[in-house]
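Here are the chains, one letter per residue:
There are 6 protein chains.
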Amino acid sequence: MLLHISTWQEIDAFLKTSKAVLIPIGSTEQHGPNGLLGTDFLCPELIAHEAQKHAEILITPPFVVGMAQHHLGFAGTISLRPSTMIQVIVDWVNSLTKHGFERIYFLNGHGGNVATINAAFSEIYASASFASRPVNFALKQRNWWELPGVQSLSEQQFPVGLGSHATAAEVAVTQAGYGVKQAAYEPKIAPTGPIYDAIDFRRRYPDGRMGSDPAQATPEKGRALIELAAAELVKDFAAFAR
Amino acid sequence: MLLHISTWQEIDAFLKTSKAVLIPIGSTEQHGPNGLLGTDFLCPELIAHEAQKHAEILITPPFVVGMAQHHLGFAGTISLRPSTMIQVIVDWVNSLTKHGFERIYFLNGHGGNVATINAAFSEIYASASFASRPVNFALKQRNWWELPGVQSLSEQQFPVGLGSHATAAEVAVTQAGYGVKQAAYEPKIAPTGPIYDAIDFRRRYPDGRMGSDPAQATPEKGRALIELAAAELVKDFAAFAR
Amino acid sequence: MLLHISTWQEIDAFLKTSKAVLIPIGSTEQHGPNGLLGTDFLCPELIAHEAQKHAEILITPPFVVGMAQHHLGFAGTISLRPSTMIQVIVDWVNSLTKHGFERIYFLNGHGGNVATINAAFSEIYASASFASRPVNFALKQRNWWELPGVQSLSEQQFPVGLGSHATAAEVAVTQAGYGVKQAAYEPKIAPTGPIYDAIDFRRRYPDGRMGSDPAQATPEKGRALIELAAAELVKDFAAFAR
Amino acid sequence: MLLHISTWQEIDAFLKTSKAVLIPIGSTEQHGPNGLLGTDFLCPELIAHEAQKHAEILITPPFVVGMAQHHLGFAGTISLRPSTMIQVIVDWVNSLTKHGFERIYFLNGHGGNVATINAAFSEIYASASFASRPVNFALKQRNWWELPGVQSLSEQQFPVGLGSHATAAEVAVTQAGYGVKQAAYEPKIAPTGPIYDAIDFRRRYPDGRMGSDPAQATPEKGRALIELAAAELVKDFAAFAR
Amino acid sequence: MLLHISTWQEIDAFLKTSKAVLIPIGSTEQHGPNGLLGTDFLCPELIAHEAQKHAEILITPPFVVGMAQHHLGFAGTISLRPSTMIQVIVDWVNSLTKHGFERIYFLNGHGGNVATINAAFSEIYASASFASRPVNFALKQRNWWELPGVQSLSEQQFPVGLGSHATAAEVAVTQAGYGVKQAAYEPKIAPTGPIYDAIDFRRRYPDGRMGSDPAQATPEKGRALIELAAAELVKDFAAFAR
Amino acid sequence: MLLHISTWQEIDAFLKTSKAVLIPIGSTEQHGPNGLLGTDFLCPELIAHEAQKHAEILITPPFVVGMAQHHLGFAGTISLRPSTMIQVIVDWVNSLTKHGFERIYFLNGHGGNVATINAAFSEIYASASFASRPVNFALKQRNWWELPGVQSLSEQQFPVGLGSHATAAEVAVTQAGYGVKQAAYEPKIAPTGPIYDAIDFRRRYPDGRMGSDPAQATPEKGRALIELAAAELVKDFAAFAR
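Chains as they are written, first to last, in numbering that gives the first Met the number 0: chain A, 0 to 241; chain B, 0 to 241; chain C, 0 to 241; chain D, 0 to 241; chain E, 0 to 241; chain F, 0 to 241.
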């Protein structure tokens, strides 16, 4: 069930049956020569939409722009500052809990979001903690590639060149949803290393990839990842939602 | 051309031909008994996507959550505070101008966003003005219903009961994209009046509509609105983009 | 009745008879060759002070500095950033509502303030809406030139060269209060166009005027505008205050 | 010379002769039974306006609302939070220094503003210090009652009951400008003590006075204070302005 | 070398030999019945101070209050909001890099700080990335228990009851520095589970421990941990500092 | 009693006997050729720790970084912006008052902190005042050199060259705790003057001293200052704490 394709009365009715909601959260940032700028929100969105075909999961519109400062050296990247993103998450959560949602699950597609999402959770809880106000909701952040079995499948599909940014796996997932982009690159396996600012990132990783060889991606592999992740998401979400 | 379904190299290439980009901006908020929560971002998205079939327009992912504090009394609404939304727009614009975009066009679907979007524009210009730094970009906000002829067509389609929130026209537009929701309501024409906070809003407008009778909406009327708006958008965007 | 020339006990007594208060709000910004830097707060102040001779209207000290980033290229202009101005309005309103004021009327003299004032109103209502707290006050923003008949009179007085900044009308109003400044300028009618940052503004509008020929202003015309606006303000304020 | 009653071209010309400007800064807050809510900005304004009759001093519009949280228990008080006031002062100073002002003198009428004004100065300097950017301006805050001889004259005029808030001296100054308010009170001399929050303040100081007996004030005494303070201000400002 | 027990000229001289500095960062928060409130900053401080006996490491004063909102239900806990802590880290880093430090190593003693520290790093890099400004410094966060071998030694010392908060290991470390506190508790092994707000935390973990049996701690075990961690810190810091 | 060397249960028990707590607050900033960077927090810490040997005083960890923007031209200085420092103090106070502390005493070692500390107090009280919420705690800031007799003793010890920054007295106090640093400087007595930004400060005061000749400091003189200040602190704190 997609929140944005529902009426408020449908959500009202839904809340009588469940207090849980899922937010697909990602980023709009470069994903190497053949990866889509939307990869990081499209992956959790594809997985979540697949999952809700099999279970009653309410899904919000995607959180499309996250913390991508290190990718700002590549055209098309849009980033929030962490301080901005914290306030946005505060507002989303305060809106949803006001309606009675008690379990808010962020299905995340971007490693660079993790720290800020968790800082935002603490910001929200801190409001209650300082005020000695009880909280009746729980917040959870889960990276889609950490759902049980997903990383294993990725490593099996891409024993060499999975990588850590613009990974073969995430490129495959978006190919399953949006088709294949052809692009030449070299070296075959991109370099790896630390992440600092945007200029340094581009110097270290000239085409945007980190450790990956995403030409190995295929829509079929992506489809398999989506199906596995969706099945696991159904279980993980149900455990959280109860 | 959709930014999120492009690679960074495609955007790099695009920037050699045009410095303009369009952001569909809306809200996730109640739209009465038969309107979708996503109406306000879905309308500009539908119109913009239609327009880019006919002209080279680069479109970002939608800005899905806006300033909807007055709708927080209805389930499913998600709102930013104006102070948060200003910072988000600052970050989006600073990201895009860094890549060389010089014309940023916000196609807006929510009247409640107008003040905050314009305050955000001033916040961005103020940074430059205080620093005596020249600006090489222009920002524009345009409500889709203000594109030439669109309001006239709406009034012609819905001579009675067009309304000002959960309008028959915007419901029609989303029906063209996402189908029809059936819902009973009364009175036929919703009340009108001022907008203050969420509790007051719900008391004045119990089912969320303001002045409208959206059961008159049909996908066909919506399709006509999309086509007209898209054609005018192509012209308006081109005039701004040059 | 001027709040700042009253004692707190007089305000206490006033609150037993009325819960309404008026804030003259404007800007300190260039107003062309013969317009005063204070024009935008002096106009609403002059009109409000005139009105309160004829009706019981409580008036605060003027809000003298607003959102004038685009005028920072001209000496003497003082501007708040929108993010600052929002917090200031939040604090003013929270102070006044704490005392029991339930109708707060901002008589505005500067178009550039409109977006930020309305964003501030939403920021204030949002606090209540997120907290499910009922609000017992209403906020209103009204530009003095939009009071019934005022724009018509201005256009009648200045059929050519009224303009949109440093208008002949606002210059006339301040002449009625503070006398006439002589200054040569050309062209007779200033250019018109869009507003972006300060450097761009000065390049487009070298002497600060937009579309106006303020040498047509006279104290007599200003006096007529003040009297008409004050009479209409009495009615508009009374309608809001009840 | 009053900035708000000048044109931008007059300020431009002024800047060729002097880089100094004076801001009368105060508060809108209760001043006891017979003191005006505007006392704290009216006093520096009266003194500064008197001074500029005798010397070339450029004066901005008054900064009318300051840090008065402790007076919020009394009707009519309007306060900024310190965090808001810091940003406002940052914006005023950044506006003025942009035009080339190099000496900004805050003539202050409210003890409760002192900490926040000085914190704001440090906030402004810190921007430059962190950025290793040289600063070509100086900021100064001066309480009018600390101008040489003024406190002595006040103590001579009011050997008993001068007080520390709603002082006989400041009430006298405003009487010289705005006439006398009659109000009974007791005890003759108000209590003294510490300042915390608004509820505590009202409990300790039920009519708002601290240590004062302002019925002793007369317009004549106020006039003497204004003349002395203005004469000393001319000297103090000239020393700072050079 | 301790920064706070040095003169500025000594730091100036030090900067000619090294551009690296270490910040011991922790929290002031409950650590169960026999753990010290300062545990989380005392541990990195003890380890860092030990390390600098063996290598040239410059150490700042400890960052004593971190993100401990979930512990606010226990007396003595002091917490920053994440949004505050980000600004503090921004200011520390901007101060140190201004002096020429190019490697800033945060030796962390509190898991609850990790997200906020990393969000702060991104906030700092984002300033540069948005401005296309190159960065000549690197920031690193390292939890002391993640230094090579330390977790293994802890698990060897405390095969049962090491725990995840108020761990036997961290209590042992502080005992080595500050002696042993006796306190009874039960159950022997504290419960484990998730972390939300302060009220929930105290309900789940009534004496503050999570999963631990810290009565097993001894100063000797703590000494061994300090020595191992210090030796590894010397290596890890040297690798980062070069 | 040191909070950080206590358990939460000890603080719980302490709160049954007293609601008062002391925060040693200072700065990490240059203190001239022979003064320690930590001087401003070490002095109040030394004095407070001495005092608590003679009376039951609960002391938090030191607040080690304050408002030192003007010293950023000297290596090793770490500064908060005032706006940051206000939020930090808000968080510390809100943490402590949540536990039931009703008297929070800031023993300050840095003149540059005074404005910001007091602005922070007002920020805290303002929250309550705007919300009409009663406050059951009091906040106090005291500079250690203003404890009765301390300034006199300093002037007696250093009749010439006490100074106003890197004073002979504060250097002596740290010598009593941390030993003597030798450093040559000239002139014997440092210049005096105003304080603006960091570049200006270094130009005016090339070795960091203001008005002082700190080579006169001895550990013995420092010891005498500590003992006198501690004795007076016991009294001052007791008067505040009751």
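None of these hints come from the bench; they were simulated from the model.
The model shown is predicted, which means the values in this text are computed figures rather than measured ones.
Be careful, since some hints might not be right.
Said to hold, decoys possible - With a straight-line cut-off of 27 Å between C-alpha atoms, the simulated DSSO-like cross-links for lysine-lysine are:
(1) B:Lys139 to C:Lys97
(2) A:Lys139 to E:Lys139
(3) B:Lys15 to B:Lys97
(4) D:Lys97 to E:Lys187
(5) B:Lys139 to B:Lys15
(6) D:Lys15 to D:Lys187
(7) A:Lys97 to F:Lys187
Hint-by-hint comparison with the structure:
Straight-line distance between C-alpha atoms of B:Lys139 and C:Lys97 comes to about 38 Å, which puts the hinted pair past the 27 Å bound. At most 27 Å may separate the alpha-carbon atoms for a hinted pair to count; A:Lys139 and E:Lys139 meet this at roughly 26 Å. Our distance criterion of 27 Å between C-alpha atoms is met by B:Lys15 and B:Lys97, whose separation comes to about 14 Å. Taken as a hint, the D:Lys97 and E:Lys187 pair is broken in the structure, with Cα atoms around 67 Å apart against an allowance of 27 Å.
A distance of roughly 21 Å separates the Cα atoms of B:Lys139 and B:Lys15; the hinted pair therefore holds under the 27 Å criterion. A C-alpha spacing of about 53 Å is found between D:Lys15 and D:Lys187, which places the hinted pair above 27 Å, so the restraint is violated. Straight-line distance between C-alpha atoms of A:Lys97 and F:Lys187 comes to about 67 Å, which puts the hinted pair past the 27 Å bound.
Violated hints, listed in ascending order, are 1, 4, 6, 7; each of the other numbered hints is respected by the structure.
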